[in-house]
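Residue numbers (this note's numbering), protein chains in the order written: chain A, 72 to 172; chain B, 1443 to 1683.
Each hint should be verified, as a subset may be incorrect.
As the list claims (entries may be wrong) - When the alpha-carbon atoms are kept at most 20 Å apart in a straight line, the in silico SDA-like pairs for lysine to any residue are as follows: (1) B:Lys1490 - B:Ser1522; (2) A:Lys151 - B:Arg1579; (3) A:Lys151 - B:Trp1519.
Hints in this document: simulated from the structure, not taken from any laboratory.
What follows is each chain in one-letter form.
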Amino acid sequence: MPDWRTLIAIGLLGLASYAMRAGGFLAADAIREGSIAARFLRLAPGNLFVAFVAAACLENGWPSVIGCICALATMAVTGKEWAALSVGCSAAALAAALLIR
Amino acid sequence: MPMAIISTDRPMFKPALTRVAFRRGFVAALPFIVSNGMAGVVMGVAYKGLGLGLAAAVLFSLVVYSATAQAVTLGMWTLSPPVAAMVVACIATNARYLVMGAHLHQLFGRLRRRVMLPIMFLLADASWVMTTADAERNGPDAGYLLGASVPMAIGWIAGTGLGYELPLKPGGPLAIAAALLPAAFVVTLLPTQWRGRKTVWPWGLSVTVALLISRLVGPNWAMLIGGGFGTAISMLRGDDA
């Protein structure tokens, strides 16, 4: 059984984590239609997506870069997510195996 | 009067919560059982190394349910945990969920809060990405968000427990391939966000800033700040989605 200090820490961290998840949803009620914030949120997803991919590639190295390029190329050619994911992850695993050697 | 951020110049969908969408999201996110499971295994191994018990390790992943926040607070853990500092770190690393939550309000703001707030507990980067893309294809359905979130949570929580019991060495080719899955999934969604040549500069700036922030500050802030800069450029140019 975890001690009380561990439980308190986990509980507070869980509370903080959930506050962030639910906070944006609740706070959006206060954002006016047509406001800068509303437009920002409409434009944000694509920019966040590419930033997410770039950071992930930097963190995980060349195998991730190769995997993402292969996944994007496969998606562009086939339009099938499952094919893009399979090719991308296989390429990353192969690159990792070769680079680790 | 404050209003919800639903644009009037876009097609209006009535948000729903359906079993069909739940199933569609669940099936689409099944690969995340493996990728989140692998990441969870690494976290479980790390928690064991800290001297936490199995119950505490699993509880951590169940209650906090955030790889970035857990990784950051893991580095701060001592015999007498600095709880206040850890909470601040948790808020900082999870601040991106504020943007995601506000964006989801555009899609599901008309659903009852008592329905949406429990679902928000399982919100993850990848489930938000998938839900955003699915809403563009099929209309907003919170069933998809819930369905896509469940396999991710199962993988993460079960992986933590498994990692605690089975100490495995991370860093091998399979672990790297599994770690790529979230990014690869996002890559497959990029075509849905492409708006032609006007996308080039904002995306270029998003990538550049994300790389700089990831290198200089840390990967936790890269998506939020990088994407924020790119979005700001889009706004200054007068773009709209």
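Do the hints match the structure? See the list:
| no. | hint | result |
| --- | --- | --- |
| 1 | B:Lys1490 - B:Ser1522 | holds, 17 Å |
| 2 | A:Lys151 - B:Arg1579 | holds, 14 Å |
| 3 | A:Lys151 - B:Trp1519 | violated, 43 Å |
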